Amino acid sequence: MLAVQMANRVARDTGVRLKLMRLATLTLEQVALELPHPVPAEERRTTLASRVVNALKRVIGRGEAVVP
605 MLAVQMANRV ARDTGVRLKL MRLATLTLEQ VALELPHPVP AEERRTTLAS RVVNALKRVI
665 GRGEAVVP
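For the working numbering, count along the sequence shown from 1 and bump the result up by 604.
It is possible that some hints are incorrect.
The calculated label-pair distances, taken between Cβ atoms and stated as ranges, are [claimed, not checked]:
id : residue 1 : residue 2 : range
1  : Val663    : Gly619    : 25 to 31 Å
2  : Lys661    : Gln609    : 29 to 35 Å
3  : Leu637    : Asn658    : 33 to 39 Å
4  : Leu632    : Arg655    : 23 to 29 Å
5  : Thr618    : Leu652    : 18 to 24 Å
The hints are simulated quantities; they were obtained by calculation from the structure and are not laboratory data.
Predicted, not measured: the structure shown is a model, and the values here were computed from it.
Each residue gets a CB set at the ideal place from its N, CA and C atoms; glycine is no exception.
Just need the whole structure built from these sequences, with the hints factored in.
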């Protein structure tokens, strides 16, 4: 159960899906060494949702009123 939770967390955080057999047969260090190096935040592609949220934060932060 813990291996499934860990594999799901790695998939969510990195986008890399781990095979559960690898988790059962290797140490965590060996599994970690197989993962790709993380991409710096400034080089990551942003999602549409995050761009919309950031735009809304900028609008709300300026105190601009939104007219329906």
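Here is what the structure says about each hint:
no. : hint                           : verdict
1   : Val663 with Gly619: 25 to 31 Å : 30 Å, holds
2   : Lys661 with Gln609: 29 to 35 Å : 32 Å, holds
3   : Leu637 with Asn658: 33 to 39 Å : 34 Å, holds
4   : Leu632 with Arg655: 23 to 29 Å : 35 Å, violated
5   : Thr618 with Leu652: 18 to 24 Å : 20 Å, holds
Of the numbered hints listed earlier, the single one contradicted by the structure is hint 4.
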